[in-house]
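If you read the protein sequences in the order shown, they are chains A and B. Those letters in the first sequence? Residues 1 to 189, per this note's numbering, in order. Those letters in the second sequence? Residues 1 to 323, per this note's numbering, in order.
Keep in mind the hints are simulated off the structure, nothing from the lab. By construction, the Cβ of each residue, glycine as well, lies at the ideal position given by its N, Cα and C atoms. Just so you know, not all the hints are guaranteed correct.
Below 20 Å or equal to it, Euclidean Cα-Cα: the simulated EDC-like pairs (lysine to aspartate or glutamate) are [said to hold, decoys possible]: (1) B:LYS292 to B:ASP56; (2) B:LYS245 to B:ASP279; (3) B:LYS245 to A:GLU153; (4) B:LYS245 to A:ASP143; (5) B:LYS193 to B:GLU165; (6) B:LYS200 to B:GLU132; (7) A:LYS119 to B:GLU132; (8) A:LYS154 to B:ASP127; (9) A:LYS154 to B:ASP6; (10) B:LYS292 to B:ASP316; (11) B:LYS10 to A:GLU153.
A few chain B positions that, by computed beta-carbon distances, are all more than 10 Å from chain A [what the hints assert, rightly or not]: (12) GLN28; (13) LYS42; (14) TRP46; (15) MET54.
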Amino acid sequence: MVDDQALKEWFCREVLPLERALSAFIRRNWRDAAEVVDLRQDVYERVLQGARHGLPAQAGRFVYTVARNHLINRAKRARIVSFDVVVDLDAISGSDVLEPERQALAREELRRIQLGLEKLPPRCRQVVLLRKIQGLSTRETADELGVGIDTVEKQMTLGMRALANFMLGGSAKVQRSRVPGLLARRPAR
Amino acid sequence: MTRAQDIEAKAAEWLMRREQPQWSEADQAALAGWLDESIAHKAAFWRLEHTWQMADRIGAFAARDNAPRPRRRSLPLKWWQASALAASLLLAIAFIGLHSSPTSAPQPRADTFDTGVGGHRIVALVDGSRIELNTATMLRTMISNERRDVWLDRGEAFFEVTHIENSVFVVHAGPRTITVVGTQFSVRREGDKVTVAVLKGRVRVEDPLRGESSAMTTVTPGDVAIGLGSSMMVFSKPIAAIEDKLTWRDGRLVFAATSLAEVADEFNRYNHQQLVISDPAVAAIRISGTFKASNVEAFVRLLKQAYGLKVESAADGTLRISA
Chain A
1 MVDDQALKEW FCREVLPLER ALSAFIRRNW RDAAEVVDLR QDVYERVLQG
51 ARHGLPAQAG RFVYTVARNH LINRAKRARI VSFDVVVDLD AISGSDVLEP
101 ERQALAREEL RRIQLGLEKL PPRCRQVVLL RKIQGLSTRE TADELGVGID
151 TVEKQMTLGM RALANFMLGG SAKVQRSRVP GLLARRPAR
Chain B
1 MTRAQDIEAK AAEWLMRREQ PQWSEADQAA LAGWLDESIA HKAAFWRLEH
51 TWQMADRIGA FAARDNAPRP RRRSLPLKWW QASALAASLL LAIAFIGLHS
101 SPTSAPQPRA DTFDTGVGGH RIVALVDGSR IELNTATMLR TMISNERRDV
151 WLDRGEAFFE VTHIENSVFV VHAGPRTITV VGTQFSVRRE GDKVTVAVLK
201 GRVRVEDPLR GESSAMTTVT PGDVAIGLGS SMMVFSKPIA AIEDKLTWRD
251 GRLVFAATSL AEVADEFNRY NHQQLVISDP AVAAIRISGT FKASNVEAFV
301 RLLKQAYGLK VESAADGTLR ISA
């Protein structure tokens, strides 16, 4: 059994850099774009479950296999979903290994953090900066900005999530809750 | 919200709460419990934690990094001025007329002023301006007919600048360029971190490497600008809050629901008798009130009486405050 600390280090070092490739792979092979985030989270869950019994030597290959199997299983299980939800089961494709983001130079990485911050909505960015640059607590940030602590907490968590999405290769869109429902989940095509 | 987003939101909440001063052992145990509930929780939490820690580096840009900066986009707010990889912080009170003719001025006059811990000193400059030095402060001045320069080497000072036609007043302090157009403002320097609070007049914030016209933002009374490393931000405060931060000018410290940790830091700036708090729960206690900066004893007495805290003199001469 791999202990949590080792598992976490491996996950951050080997798996998270694959996020952009993994998301692209899921998007390419699954019609419903609204489910990409859920599917990715499922893959992470299964990857960690597997890796617990021994860290795989090749993270890229391992994550790819887990992702592919998961998409196939999901498609088979979801009988109600029409066939075209999965583009083509047999053709689930891509190279059979996911490539990590090329090791970014430290400078590039900083640039990415900066860009991610710039993309945050103004209030959100302000809260994140007060935390990161001044080290203010949420209470202090609320006092500083003259807003409620609830607002600060909300903005801070939205900022954390948007920053993670952007820095791992996504769009830095602030994820607000969507209206759930079957209609909303149907692909356009 | 989808299931994954649900978990992610929860993970973000944990991560945020863990950074707060009131985070306790019980909270830590609760977080461990939540993480152990499902490996999905771990995946989401580790992922956010990883990138959130990476973002710590925004304040840590190498000061002499010559890398090309990201192209400037039209930002929604002007105050966010990232990537100033600059030489020296420059606060220039640029009264109209930067173009003074080179005249045969008398010899410029150079002086050094400083205060020790707990010190407070008002300096009248030959041009009629006044500088009020707070505790543990050192600054140098160079006054000539065409320009007046002040280098704030450490500490904090409040400036009241006399307007003189064709003579700029410039304060240098740290790793970026800020231009102030105003008459009453304070500058506090702690290493690379520079805080500018404006009471009257205006502040112009500039990135010297970016050229004169491109990146400039004006900050008005009630605004506080903070620069650290290459980052720069400005936010608004009620004038009263700024005045609270300037009460050192008459030897008072004013706190409004300020954490004890911060209050102790503030007292430590003014006194040789240092306060030490190691218990995070005690450090998080909120203090409000007005205190004499030099009277640590009175403050400590209050902690004992009103808050029931223990205060012990340690072997190294510090006062240790505990529950």
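*What hint numbers does the structure not satisfy?*
1, 2, 3, 5, 7, 8, 10, 13, 14 and 15
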